[in-house]
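Per our numbering, the sequence shown runs over residues 32 to 100.
Please note that the accuracy of each hint is not assured.
Derived Cβ-Cβ restraints for the label pairs, each shown as a range [stated by the list, open to error]:
1. F79 to I54: 28 to 36 Å
2. M96 to A65: 44 to 52 Å
3. R89 to P63: 24 to 32 Å
4. V58 to Q92: 35 to 43 Å
5. A44 to R89: 18 to 26 Å
6. D60 to R91: 40 to 48 Å
7. T83 to D55: 19 to 27 Å
8. L48 to R89: 19 to 27 Å
9. T95 to A64: 44 to 52 Å
10. L51 to L81: 37 to 45 Å
11. C50 to E93: 27 to 35 Å
12. R97 to A46: 38 to 46 Å
By construction, these hints were calculated from the structure, which means they are not laboratory data.
Idealized CB from N, CA, C, for every residue including glycine.
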Amino acid sequence: MKILRFGRWFHAAFAMLWCLLLIDTIVGDEGPAAIARAAACTAMFLIFLLGTLRTLRRHRQEETMRLRH
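All chains should be modelled from the sequences, with the hints used to inform the complete structure.
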């Protein structure tokens, strides 16, 4: 269970770093192509993050059900 908690914190921190990268790219003097690339990378990572969190939740539920029986 501690690994699941660590996974959530790790992914949340990583998502914050990606969002900061996107904000830095938008605010900086990069062109539209760099902004589009950073936005695409952020979107792909957020999809990965949500999928991972869903998998972690499913594993936690399976573990809980296994312990009950």
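Practice prompt. Using the beta carbons of T83 and D55, state whether their distance is inside 19 to 27 Å or not.
Written response: holds, 24 Å
Practice prompt. Could you see if the CB distance from R97 to A46 stays within 38 to 46 Å?
Written response: violated, 29 Å
Worksheet item: How does the Cβ-Cβ distance of V58 and Q92 compare with 35 to 43 Å: does it lie in that range?
Response: About 41 Å separates the Cβ atoms of V58 and Q92, which means 35 to 43 Å holds.
Fill in: Range agreement (Cβ of R89 with Cβ of L48, hint 19 to 27 Å)
holds, 26 Å
Worksheet item: Is it true that the C-beta distance of D60 to R91 lies inside 40 to 48 Å, as the hint says?
Response: Between D60 and R91, where Cβ atoms are some 44 Å apart, the hint holds.
Item to complete: For F79 and I54, compare the CB-CB distance with the range 28 to 36 Å and indicate the outcome.
Response: violated, 19 Å
Worksheet item: Is the gap between the beta carbons of R89 and P63 within 24 to 32 Å?
Response: The hint (24 to 32 Å, Cβ to Cβ) is violated, given that R89 and P63 are roughly 39 Å apart.
Worksheet item: Is it true that M96 and A65 lie within 44 to 52 Å of each other by Cβ?
Response: With Cβ atoms ~47 Å apart, the hint holds.
Discussion item. Within 18 to 26 Å: is that where the Cβ-Cβ distance between A44 and R89 falls?
Written reply: holds, 22 Å
Discussion item. Taking 44 to 52 Å as the stated bounds, is the beta-carbon spacing between T95 and A64 within them?
Written reply: Holds: the Cβ-Cβ distance is about 47 Å, inside 44 to 52 Å.
Discussion item. The hint says 27 to 35 Å between C50 and E93; measuring C-beta to C-beta, is that right?
Written reply: Hint holds: Cβ distance 31 Å, inside 27 to 35 Å.
Worksheet entry | Supplied distance hint 37 to 45 Å, evaluated on CB atoms of L51 and L81 | Violated, at about 19 Å.
Comparing the model with each numbered hint stated earlier shows that hints 1, 3, 10, 12 do not hold.
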